[in-house]
Each structure stands twice: as structure tokens, then as C-alpha cells.
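Position chains Y and E relative to chain B; hints supplied.
The lines below spell out each chain.
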Amino acid sequence: MLASPETDAVSGDAKTGDARGRGPLRPSTAVRPSTAIRIEGLSKTFDTAAVLHDFDLDVRAGELLGLLGPSGSGKTTLLRIIAGLDFPDRGRVLFGGDDATGLPVQQRAVGFVFQHYALFKHMSVADNIAYGLNARKRADRPSGTEIRRRVGDLLDLIKLSGFGDRYPSQLSGGQRQRVALARALAVEPRVLLLDEPFGALDAQVRKDLRRWLREIHDRTGQTTIFVTHDQDEALELSDRVAVLDRGRLEQVGTPDEVQDSPASATVLKFLGDAVEVEAIAEGGSVRVEGHPVPGIDVPPGLIGPVKLYVRPWQIQLTEPASAHLHGTVRASYRSQGRQRIEVERGPGRPLLVEDFDGERYAAGRPVGLRIVGGYVFA
Amino acid sequence: MSESALTLGGPRPAARPRSATGESRAVRWTLIAVAVVFLALFLVLPLLTIFVQAFSKGFETYLATFREPDAVAAVKLTLTVAAIAVPFNLVFGIAAAWAIAKFEFPGKSLLVTLIDLPFSVSPVVSGLIYVLIFGSQGVFGSFFIDQGLQIIFALPGIVLATIFVTFPFVARELIPLMQEQGNAEEEAALTLGASGLHAFLTVTLPNIRWGLLYSVLLCNARAMGEFGAVSVVSGHIRGLTNTIPLHVEILYNEYNFVAAFAVASLLAGLALVTLLIKSVLEWRYAGELAAGGRH
Amino acid sequence: MTEPNRPRWRFRQPSVIPGFGLTFGYALTCLCLIVLLPLAALVWRASGLGLSGIVDVARDPRVASALRLSFGVSLAAALTASVFGFLVAWVLTRYRFPGRRIVDAAVDLPFALPTAVAGIALASLYAPTGLVGAQLARVGIQAAYTPLGIFIAMVFIGLPFAVRTVQPLIAEIDKEVEEASATLGASRRATLVKVVLPPLIPAVLTGFALAFARGVGEYGSIIFIAGNLPYVSEIAPLLIVIKLSEYDYAGAAAIATIMLGISFLTLLAINLIQAWSRRRFGYV
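Protein chains in written order, with the numbering used here: chain B, 5 to 382; chain Y, 841 to 1135; chain E, 3 to 286.
Since the hints were made in silico from the structure, they are not lab data.
Positions of the beta carbon are idealized from the N, C-alpha and C atoms, including for glycine.
Wrong hints could be hidden among the right ones.
Stated by the list, open to error - Facing chain Y, according to a computed beta carbon distance under 7 Å, are these residues of chain E, among others: (1) Asp110; (2) Phe153; (3) Lys177; (4) Ser265; (5) Ala277.
This is chain B alone, in the form it adopts within the complex (with noise of 0.2 Å):
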């Protein structure tokens, strides 16, 4: 995605992008006021083990973050620093220039939205999204028809009006989680902080929600940040997507640049299916078994032995005499439109490759394996 010279002088530095040009223009400033949430810092330790190292993170003014990591990586933990629910041991969390490190939950107007839910199982539906208005202190507290008045604009948006009067025990999983969505939304947060929305839900609830949240977002210009450890759902959804691994950020950009350069092999691994192939790096190229492989960008001053990763698309089955690997055919099946194919170099050695032609490879047969892309890191 390239955007207009205009926009990119702007939107600040080209590295992590705009969202997609859906977010309005943001003047580029020292100060980025564009900056909704920055994190600095950020240390935290449970017990003996340190779930959050150092961390630093900016998230942007009306952007949809996805926080993706495997479990363990410190996403959770990062989120409730935000909200307020946990303290780190060091560093700050600051919500537009003010520090909120010492604020307490009540007063950081964060909308939270937990993965069971957490409805109120004693109070109806439209108690449950008005819970946080009717919460305030009486001078900040809307009118009870105004109130009445919001609820229903949310439980028209959330498209459950006319179940205002049921209990949470009367709804499926994903109607209690458009409740959830509302009644954190009913506050008028700052951010919105969603952990692991669609974890508890069915695959297809999971994929009509993930389509509603967009448009939501895409409605109210909420800045949203949310948990997640689906790829697919980070992807789908992201304006930008931020990598974390063992309480590090690995990488921040949007949901092409992860993709496109990963900025490390973990980053890599975690977003798609990747065979490790061993190379030799010399000269800003790379070459397998003494041939050489085109398109590999290779990290000025690498040299030696690396690490080759290669996607299953990055691979070709082509006649022996032109390839830079050899094995044979175990196994081959259609999988959404491409033929899989599962090769095996020797003993123990087996590797993916994705194939558009369709055609169907004997099991046995020895086949020549080209590599056409790849990624190494320094």
C-alpha cells in the first residue's frame, strides 16, 4: 500500500504507515498529539517471572490495534496496565501527553471488555449497558431519559433493540458480547480495550463479530485495542498489528508490513507456515546448496552461514536439473483451492509446499524443489 506523497509527509514516519487511509490526517508534530496512549517503559514482574520487559508503544488516535501474541507473551498483562486493572514495576503509561500510571481504574475511563463477558447476571440487558452512567456521581450523571435514550442508540448499534428486558442467562455467547461492547461503550472511552473478544465464541460467531467490530470501528472512530492470539483475526481486523513475544514487542506495523518484512524470525513463524532452509549469505546474496536465490533482501554486512525461511508459496516443484533441493513426495491433498504438498528432503526433513496449478503429485515420486523468496535475519 503506497500512499500519496501528501499523505505520507504527514502521517509521519514511513516505517509504521497510515491505517490503511482510513483514519483522518494527523499534522506531524514533536509532540504528536495524534498519539492517543504512549507506553514507556513498561516493566512488569508475576511472582519470579517477567511477563513485560521494557516496553515501549504508541498507539494512535482512533486506530484498531491488535496486540497478537502466542500465550505468555505479556498481551493480557499489557492491557489491564492500560485499563488500570494491574501495575507495572516500572515505567509509564501515558493517555494523551498526561501520565495515568498512578490513576486509579475509576477515573481512566477505559472501556474494558473481557473475554467471558463479565455481564451482571442480576441485571437485565439495558441495566447492564447503563451500568457505567448511572455509576457516575450525580452532577455527571445523565438525565434517566437520557440515559434511557443512549441505551437504546447502543442496543441499536449493537442490533439486539428489543432486548433490553432479557437477563444475560437468555442470550447466546455472541449477543453477551455485543452487551459487553455496549455497556463499555455506553462510558464514552477514551479506548476501547477488548481481550480476546471472540476467544470464548463458534468459529462462524467468531467471523460475523470480527466483520461487526470492523464496522463499528469503522463507524465511531473509537480507538480500540485488542488482545488476540488468532492471526487471522489480527490481520482481518488491524489498522496496525503489534508482534509481542516473551513480554518484548517484536514488531509494530501495519497488517502488510508484518507480513510483507517480518522483523524477525519469530515475527515470521508466528504469522504463517515457514520451512528453515540452511544458506550461505555472501555479498547481499544467498545461495542454497551453490545456487543462488533470487529476491532475498539480506541485511547489509551478513555473511556466512544463515538461516533461510521460506514460505510454502516461496517454493517451486520444477525437473531436478534446475532446482536447489531435492526429495520425494509423501503426501498430497487440495486444501481451499491450492494443492499442498508434503515433500520429504531425507529422514525426518519434511517440508510444505503450496501450488496453484492443481496437480496432483504421486506419493513417491522424486520431485526438484526451486525456492523463488525468503526471508533471513541478521
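Relative to the frame of chain B, chains Y and E by itself:
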């Protein structure tokens, strides 16, 4: 910026706000103090009183209480009653739990409620109902007396009343426990060729052993300590139909306080041992006991 | 003339597990012989008096005063036990402090301690010469041999019911629900009042009803501290014993029937509370 130079990896948070889901330290410790003082006054102090009073005239006097023939007879009678009532309720409890937990039939919840019934009946009423049946003016009273069979004011009446008040103990622990465990293991044993009895002994029994011990323990404590029901049916014949609790009452009403508390300390000791084993079972084998509703 | 495909009605669902007939039959026989028949004898005996006869017994001033005392004091004691029981349950599940497990075990003391033993201990503690009674006497309060003494004994035996019915529910409170309330701006106090307490109310009511029923029927732990003065501190169960010793079986049966009726109403109330709670919140 000498201050930030001292800290590594970023500034420290100025003040840690208190957790979102807890009370402040002061509130917490006030509540703890109120609860502990209340329990100490209402529960622990009476317990201590028993032992203090029992030993107030020295260890010799304490021991002398148990050399009395009436005291010995009371201990013997209590042990006899428990030796009959507890095994009876054990067998009943296992049978009832097996029928209720392993099978589906209409009226099941009514049956469970009826088994629980003795818990909601006053101990005095529990004794009274047997007097109404077997007493001299009772429904079958004259019949049994003609046969020369004394039930009320004798061992059988005491045993019956004790069985009644301890009736639900084993069943109500085993029913939820066996329901939680389901039928899969027994079905597996049957498909492997085990007989029903063999499956029960080798599969069911090991699974419920801690729950069984737990319930027998509580059943026994109640059987040995029951006062109201037994008091109504026993007739208070010294040395003959007096259980330990009844003996305590007689001594107390004769203003023989030291002896009363000495005998009471025996039951208090039993209660403490019961509580100790019960607590150990709950800590160690919580997963192998029925969840919730411990009485 | 049954339709060929309609399954034959059977009492129990088919199962490969053996032993239903034996265990069900044995359990039902025991239940009938030990529990149901004797209770039926009581009702039969009372029915001989007729409803008017039972009302006459209840109208007797001494009986009426005993029933009033039993129910009134038991109500007050169950209320007190519920309040402190909730506090104890909360402290035991929510806070960590040294000796917590011992305190937790001590809650069951009134279950484990024989009632007569508890009775003489309470009586000697609260007697005017006793450890606590002497202190109370100094400020002009007499506990033993008054309704206050009965109240103390009833709180003692009712407390474990109040604690143990609420405790598992406090332990099951979803912490996320409290966090959700906090993120929505509610103060800690508002969270407790609006979010934490309401779902616990059915359990508190159940504990209250159990403590109340136990207090009404209790005998052993009360008679020593009560002093048993007619019209002042004579409880209904004691009156049954007195009627029995006078060979007034009908009178005893009438009082017992009234008490049994109240017990059943309490049981019914508990079941209704739990059914309502299950329907409303999907849990008990």
C-alpha cells in the same frame, strides 16, 4: 535529570493505586479483626471453658470421674449405640446413593428431599415420634410390651432415635459425589467383564473412599453426641439408659460441675478430632469430596 | 392395543449398571420404616385432635408464650447469625491472614460439638458468676436464664449454616465482573452494593432460613442457659418434653405438629428461593 539516571528502563510509577477489586488495608484488617474476635468469643471461648472447668480441681479429680460405674456404663452405651447406628446408615447411604446417582427415575428429587427430612426436624420431635409409636400409649406400644420387648426407655429406642437424626449424613455426601463422577468408569468395568459387585468394589468404592470416610466421621460425631432425641426416648435410668450426653446433663443438674465438664471434655475431644480429620480431608482431598454444602 | 413403535413406559431409564432394584428397594424400605412411618404416626396422633384441637393447644397461654419465644428469638438469632456469618464468610474467602485455616475449621465447631456440651459451656460462661456473665452483670445485663441467653445459644448453633451457605458463592464470584464494574467508573463501595451483593442474596436467605429452622427446633444447647421459666424463657421443644413426662401425648403431638409445619414451610421457602434464583441468574 539525575533522578531518571538512577532508575533503569524508565521512571518508576509515582504511587501505586490500590487494586481495583480489593478493599483498602485498613478496611481489610478491621473486617478480619471483627470476624476473628466474634468467632473467638462465640465459638472458641465456650470450647476452652469446657477444658478449664474439667481440670479446675486437678487431674486426679478429672480421672476419678471416669472411674464411676455410671460414667463407665454411659460410655459403653454410647459406643454400643454408635456401633449399631453408624454401620446401619453407612449401608443405607451407599444403597440410596447408588440408586439415586447411577439411575434415572421419576420422583428422584422428592426422594432426596425425604432423605434430608430428619435434618429439618427438631431433635425433640425426632424422639417424640418413636414414643408415639412404641410408648405405653403408642400405636404398637401394648403389642411390643405384651411380647416382653421394651423399646422406649431402652436400647432399641435410643438406637432408633440416633439412626433417625443421623439418617441423611452418608447419603447426602455420597449422592452429589457419585453424580459428579458419572457412570463411565463402572460401564468401562462392565464392558471389561466385571460383575456388578466387582465393579462396585474395585471402581466405585475407591473413588468415593474419602467422601465415605468424611461422612462416616460426621455421622459418628453426631451419633455419639445426640442429646435431644435420645433424651426423650431414654427415660434417664442411671447406669442403664444414660448415654454420655445424658450423663453430662444429670451431673450438671446435680451441680457436680467438675464431673459434668470432665465427661463433656470427652465429647469435646471427639468433636476436635472430628474437626481436625475433617479439615485435613477437605484440604488434601477436596476434589474427592462432594462440592459445597458441608454440614 | 398399543401402537407398535411407542416405547414401553418404564419406571427407570434403561442402564447397563446393575443393582437398581436391590439398592432402591432397600433405601426406600429404610426411609419408610425409620423416617416416614414414625412421622406419619405423629400426624395421625395430632389429627385425632382435629384442627380445632391443635388450635386449642396453641391457644393455651403457656404454649402460646413458648411458641412466640421460640420463633421470635430464633428469628432475631438467625438475622444476627446471617450478618456475622456473611462477614466471616467474606473474610475467610477474600483475605489471606495468618491462622485463616484454623478459623475456617473453627466455624464448624457448633456442628461437631454435641449440643448438651455446648449448652453447659454457654451456661457456665454467661451465668452471673461466669467469665462473660460477670462482665455483663457489671453493666446490668443478665444473659443466662433470660431470652438473651436463648438468643446467644441460637446464634452459636446457627452460625455455621449462615457461613457455609454463603462461602462457596463468595468464592465463585467472577473477579472479572468486579473489574468490569471498576472500569465503568464505579467506586469500590458501589461495586460491592450493586454487583457483588445482589447475586449472593438467595444464598444469604437460604442460610438465614436454615439457621432459623435449626434455632426453632434446638433443644440441648438452649435448656441449660435458658433457665426454663414458664412464660419467660421456656422454649417450645422443652414444652414437648414436659408434656411427654406428664403423659400428655396428644398435647406433645400437637406442639410437635405445629413446629413440623413451620419447618416444612421454611424448607419450602428455601426451595422457592433456589428455584427463583436458578431461573433468574442460571445458578443457585
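Can you verify the interface hint for E/Phe153: is its Cβ closer than 7 Å to any Cβ in chain Y? 12 Å, violated
Would the hint on E/Ala277 stand, with a C-beta cut-off of 7 Å toward chain Y? 11 Å, violated
Restraint: E/Ser265 near chain Y, CB-CB cut 7 Å. Satisfied or not? 5 Å, holds
Chain Y contact restraint for E/Asp110 - C-beta distance below 7 Å: 6 Å, holds
Do the numbers back the hint for E/Lys177, that is, is its least Cβ distance to chain Y under 7 Å? Check passed: Cβ of E/Lys177 comes within 6 Å of chain Y, closer than 7 Å.
Consistency note: the structure conflicts with the earlier hints numbered 2, 5.
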